[in-house]
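**Student:** From first to last, the protein sequence lines stand for chains A and B. To convert a position in the first sequence, counted from 1, into the numbering used here, add 4. To convert a position in the second sequence, counted from 1, into the numbering used here, add 13.
These aren't lab readings, by the way, just hints derived from the structure by calculation. Quantities reported herein were computed from a predicted structural model and do not represent experimental measurements. Heads up, the beta-carbon is just placed ideally off N, CA and C, and yes, glycines get one too. It is possible that some hints are incorrect.
Result set (DSS-like, lysine-lysine): computed pairs, CA atoms no more than 27 Å apart in a straight line [what the hints assert, rightly or not]:
1. A:Lys-36 to B:Lys-256
2. B:Lys-290 to B:Lys-300
3. B:Lys-180 to A:Lys-201
4. A:Lys-201 to B:Lys-207
5. A:Lys-86 to A:Lys-192
6. B:Lys-193 to A:Lys-192
7. B:Lys-300 to B:Lys-118
8. A:Lys-80 to B:Lys-187
9. A:Lys-127 to A:Lys-80
10. A:Lys-31 to B:Lys-207
11. B:Lys-290 to B:Lys-118
12. B:Lys-256 to B:Lys-300
13. A:Lys-110 to A:Lys-80
14. A:Lys-31 to A:Lys-110
15. B:Lys-118 to B:Lys-256
16. B:Lys-300 to A:Lys-192
17. B:Lys-180 to B:Lys-193
18. B:Lys-256 to A:Lys-192
19. A:Lys-31 to B:Lys-256
20. B:Lys-180 to A:Lys-192
Part of the chain B face toward chain A, derived, beta carbon under 8 Å [as the list claims (entries may be wrong)]:
21. Val-43
22. Ala-48
23. Val-49
24. Pro-95
25. Phe-97
26. Tyr-102
27. Leu-104
28. Met-120
29. Leu-124
30. Ser-146
31. Thr-149
32. Lys-207
33. Gly-222
34. Ala-237
35. Ser-265
36. Phe-268
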Amino acid sequence: MSWNTDLLNIMLADVSGGSESPSMARKILSWKATSDDISCWTNLATLNQGVVGICEDIVRALPANATTTSIAEMTKVLSQYKLDAGNGEEWIHKSKSNSNGNDDDKVDEATQNVGNHLCRLRKTLLETRRNLKQMGELSSVPVEPEEQTQLADATMELPGVVASLVPGAGGYDALVVVYVNTPDVRDKICNLWTNYKPLAVCPLAVQFAPYGDGLQYEAEVPEYNHDK
Amino acid sequence: MATTTKSTTVSAPGKILLAGGYLVLESPNVGVVLAVDKKFYSTVVQRPKTTTTTTKEDEEPDTKKPKVANDTTSMEIKVHSPQFDATWYYLANTTRGTSGSTTTKIMANELNPSSNSFVEKTLRVSMAYLYASTATPFGSDDNINLDITILADNDFYSVTPHLQARKWDATPEKLAQLPKFLPCITADNGSLQKTGLGSSAALVTSLVGALVLSATNATQMDDALRRRIHNLAQICHCHAQGKVGSGFDVSSASFGSHVYQRFPKCLLSDLLQDFDKTTSDNVMSDKTATLLQHLVEESPEN
Chain A
5 MSWNTDLLNI MLADVSGGSE SPSMARKILS WKATSDDISC WTNLATLNQG
55 VVGICEDIVR ALPANATTTS IAEMTKVLSQ YKLDAGNGEE WIHKSKSNSN
105 GNDDDKVDEA TQNVGNHLCR LRKTLLETRR NLKQMGELSS VPVEPEEQTQ
155 LADATMELPG VVASLVPGAG GYDALVVVYV NTPDVRDKIC NLWTNYKPLA
205 VCPLAVQFAP YGDGLQYEAE VPEYNHDK
Chain B
14 MATTTKSTTV SAPGKILLAG GYLVLESPNV GVVLAVDKKF YSTVVQRPKT
64 TTTTTKEDEE PDTKKPKVAN DTTSMEIKVH SPQFDATWYY LANTTRGTSG
114 STTTKIMANE LNPSSNSFVE KTLRVSMAYL YASTATPFGS DDNINLDITI
164 LADNDFYSVT PHLQARKWDA TPEKLAQLPK FLPCITADNG SLQKTGLGSS
214 AALVTSLVGA LVLSATNATQ MDDALRRRIH NLAQICHCHA QGKVGSGFDV
264 SSASFGSHVY QRFPKCLLSD LLQDFDKTTS DNVMSDKTAT LLQHLVEESP
314 EN
């Protein structure tokens with residue numbers, strides 16, 4: 005299944021620190037081998053499978069005849085709201101923070117569906133965060149250190165943000181955010197990170213490459229030219 | 014005889030593992046890995062020997078006199094990393110036995126100021142594969158040297174030192190204004206601050222890709238080539254790391270975003286043990302080379 009869509013993008017924060025993932029992996033695996041209760045590991049196996057299913061649902065919920073323009077209209081709507089369904093199943097788009105809250109705020113069915121799936125993705129990724137953090141605490145590995153937890157939570161409060169988490173093996177290296185792909189949401193995230201007081205956080209230019217196929221033959225030799 | 018230089022560039026993207034940290038180490042757990050727009054670029058230039066200016070070895074074999082048996086020819090490989098301000102020289106000595114078998118030995122030049130395990134081991138395994146699958150991957154007259162250049166997009170390493178040096182704030186506009194392929198600056202404590210995009214996997218995968226395409230004269234990528242380069246890059250990356258890693262970073266560098274499930278460990282451990290046994294003299298046995306060729310050309314995931 006291909007996830008080639010302009011609906012979502014990612015942004016990465018360079019967080020000061022840097023961790024050694026090989027030794028972190030060794031500790032986690034040794035905890036898993038010697039512990040009686042490895043429920044966070046088994047929870048994660050299910051949750052990760054869930055993330056795969058939801059990503060497929062999101063792509064399926066896009067109209068078959070979606071164009072760059074129609075996706076852009078959808079992201080414009082979705083980007084204005086917090087993508088949180090709370091304990092419910094339905095994304096409540098009327099909870100727009102700065103709206104007048106009137107009933108004219110209607111969204112089309114496809115946008116509502118996509119919104120629902122984005123809320124499910126948020127909820128599932130939040131659950132993976134909780135389980136990863138707990139697994140780290142049980143094995144004395146800083147998978148999601150408290151500083152990262154606070155930054156991720158603050159980032160997830162922004163409208164248009166689906167989820168924010170420590171990618172891969174976690175640690176102090178980086179923080180990733182998945183967001184509804186508009187320049188406005190990216191600017192808001194950037195602004196939060198640049199002015200974040202508790203921690204030195206530098207936003208990076210890196211983005212999701214939705215149509216990248218991995219290895220590419222490059223007809224042009226890249227040029228480098230820098231003063232030392 | 015080769016008279017003109019031929020240049021081949023292949024890129025491989027970095028990755029972000031959105032879900033599956035630690036669990037992807039064990040099959041059948043899945044991980045969601047996203048490819049990003051930041052890449053490593055490797056360029057392989059086949060340069061006729063007459064134009065080379067970088068011969069550092071005292072004795073070059075006389076290529077003018079063809080020998081019938083135990084013919085050893087020598088190719089110089091120069092690897093340049095402008096961002097690390099480093100150049101490494103290697104010699105690839107190829108011996109063609111009377112039985113038709115070919116062995117290639119990669120030797121790092123003693124004068125190299127530093128060594129790079131990922132570059133050196135990728136060269137070693139890739140050349141062994143290329144010579145095992147084709148008797149003359151770089152032309153029949155052995156009149157070629159290789160000049161390789163490796164470049165990395167900025168975000169693989171922290172850009173904070175570059176922003177600070179310019180007294181710039183970390184705004185999207187300023188980030189976009191940073192020059193491409195900035196030098197990799199080490200912190201005061203000598204460490205290089207990585208951002209976790211998988212630099213070593215993107216490096217190895219792009220380098221293997223450029224070597225394979227250069228040797229096969231391909232000027233476009235297709236699924237069969239991607240598969241073969243992926244398999245070879247996984248082997249090179251494991252060999253350079255000294256262990257069988259999870260493999261999702263090489264996989265996304267090869268195929269882009271996907272749901273990852275790891276390959277069986279047992280396939281590679283025999284081969285890696287063989288590699289390590291032959292490290293001392295750098296010559297790979299025919300048996301090892303045949304196993305290598307088999308693993309690259311058969312899909313390890315089947």
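**Student:** Taking the hints in turn, state whether each one holds.
**Tutor:** Here is how each hint holds up against the structure:
1. For a cut-off of 27 Å, the pair hint linking Lys-36 of chain A to Lys-256 of chain B stands: about 20 Å separates their Cα positions.
2. Proximity of Lys-290 of chain B to Lys-300 of chain B is assessed by CA-CA distance (about 13 Å); at most 27 Å being required, the pair is judged to hold.
3. With a C-alpha separation of about 19 Å, the suggested pairing of Lys-180 of chain B with Lys-201 of chain A holds against the 27 Å cut-off.
4. Of the pairs offered as hints, the one joining Lys-201 of chain A and Lys-207 of chain B holds, with about 22 Å between alpha carbons and a cut-off of 27 Å not exceeded.
5. At most 27 Å may separate the alpha-carbon atoms for a hinted pair to count; Lys-86 of chain A and Lys-192 of chain A meet this at roughly 13 Å.
6. Between Lys-193 of chain B and Lys-192 of chain A, the direct Cα distance comes to roughly 25 Å. Compliance with the 27 Å bound is thereby established for this hinted pair.
7. Distance hint between Lys-300 of chain B and Lys-118 of chain B is fulfilled; the C-alpha atoms sit about 15 Å from each other, no more than 27 Å.
8. Taking the CA atoms of Lys-80 of chain A and Lys-187 of chain B, the gap is near 25 Å; set against the 27 Å cutoff, the hint holds.
9. At most 27 Å may separate the alpha-carbon atoms for a hinted pair to count; Lys-127 of chain A and Lys-80 of chain A meet this at roughly 22 Å.
10. Annotation: proposed proximity of Lys-31 of chain A to Lys-207 of chain B holds, straight-line Cα distance about 21 Å (limit 27 Å).
11. Under the criterion of a C-alpha separation no larger than 27 Å, the hint pairing Lys-290 of chain B with Lys-118 of chain B is consistent with the structure, at around 14 Å.
12. For a cut-off of 27 Å, the pair hint linking Lys-256 of chain B to Lys-300 of chain B stands: about 21 Å separates their Cα positions.
13. With a C-alpha separation of about 13 Å, the suggested pair Lys-110 of chain A and Lys-80 of chain A falls inside the 27 Å cut-off, and the hint holds.
14. Of the supplied pair hints, the one linking Lys-31 of chain A and Lys-110 of chain A is violated, its CA atoms being roughly 51 Å apart against a limit of 27 Å.
15. With a C-alpha separation of about 22 Å, the suggested pair Lys-118 of chain B and Lys-256 of chain B falls inside the 27 Å cut-off, and the hint holds.
16. As the CA atoms of Lys-300 of chain B and Lys-192 of chain A are separated by approximately 58 Å, the hinted pair breaks the 27 Å bound.
17. At most 27 Å may separate the alpha-carbon atoms for a hinted pair to count; Lys-180 of chain B and Lys-193 of chain B meet this at roughly 18 Å.
18. A hinted pair counts as satisfied when its Cα atoms are at most 27 Å apart, and Lys-256 of chain B with Lys-192 of chain A does not qualify at roughly 42 Å.
19. Our distance criterion of 27 Å between C-alpha atoms is met by Lys-31 of chain A and Lys-256 of chain B, whose separation comes to about 16 Å.
20. The hinted pair formed by Lys-180 of chain B and Lys-192 of chain A meets the criterion: a straight-line CA distance of about 22 Å does not exceed 27 Å.
21. Interface restraint check: Val-43 of chain B against chain A, minimum CB-CB distance 6 Å, threshold 8 Å, status holds.
22. Annotation: Ala-48 of chain B was flagged as interfacial toward chain A, and the flag holds, the nearest CB pair being 5 Å apart, inside 8 Å.
23. About 5 Å separates the beta-carbon of Val-49 of chain B from the nearest beta-carbon of chain A, less than 8 Å, and the hint is met.
24. Proximity of Pro-95 of chain B to chain A holds as hinted, the smallest CB-CB distance being about 5 Å (cut-off 8 Å).
25. For Phe-97 of chain B, the interface hint is violated, since its Cβ never comes within 8 Å of a Cβ in chain A; the closest pair sits about 12 Å apart.
26. Annotation: interface hint on Tyr-102 of chain B violated; nearest CB of chain A at approximately 20 Å, more than 8 Å.
27. Below 8 Å, beta-carbon pairs count as interface contacts, and Leu-104 of chain B has none with chain A, the closest being about 25 Å; its hint is therefore violated.
28. Nearest Cβ of chain A to the Cβ of Met-120 of chain B: about 28 Å, over the 8 Å cut. The hint is violated.
29. Interface hint at Leu-124 of chain B: violated, since its Cβ lies 22 Å from the closest Cβ of chain A, which is beyond the 8 Å cut-off.
30. Contact between Ser-146 of chain B and chain A, as hinted, is not supported at the beta carbon level, the nearest pair being about 18 Å apart and thus beyond 8 Å.
31. Here the hint on Thr-149 of chain B is broken, as its CB sits about 22 Å from the closest CB of chain A, past 8 Å.
32. At a threshold of 8 Å, the smallest CB-CB gap from Lys-207 of chain B to chain A is about 7 Å, leaving the interface hint in force.
33. Interface hint at Gly-222 of chain B: satisfied, since its Cβ lies 5 Å from the closest Cβ of chain A, which is below the 8 Å cut-off.
34. Taking 8 Å as the C-beta contact cut-off toward chain A, the hint placing Ala-237 of chain B at the interface is violated, the least distance being around 12 Å.
35. The beta carbon of Ser-265 of chain B is positioned within 8 Å of a beta carbon in chain A (closest approach about 7 Å), and the interface hint is therefore held.
36. For Phe-268 of chain B, the interface hint holds, since its Cβ comes within 8 Å of a Cβ in chain A; the closest pair sits about 4 Å apart.
In summary, the structure is inconsistent with hints 14, 16, 18, 25, 26, 27, 28, 29, 30, 31, 34 from the numbered list given earlier, while agreeing with the others.
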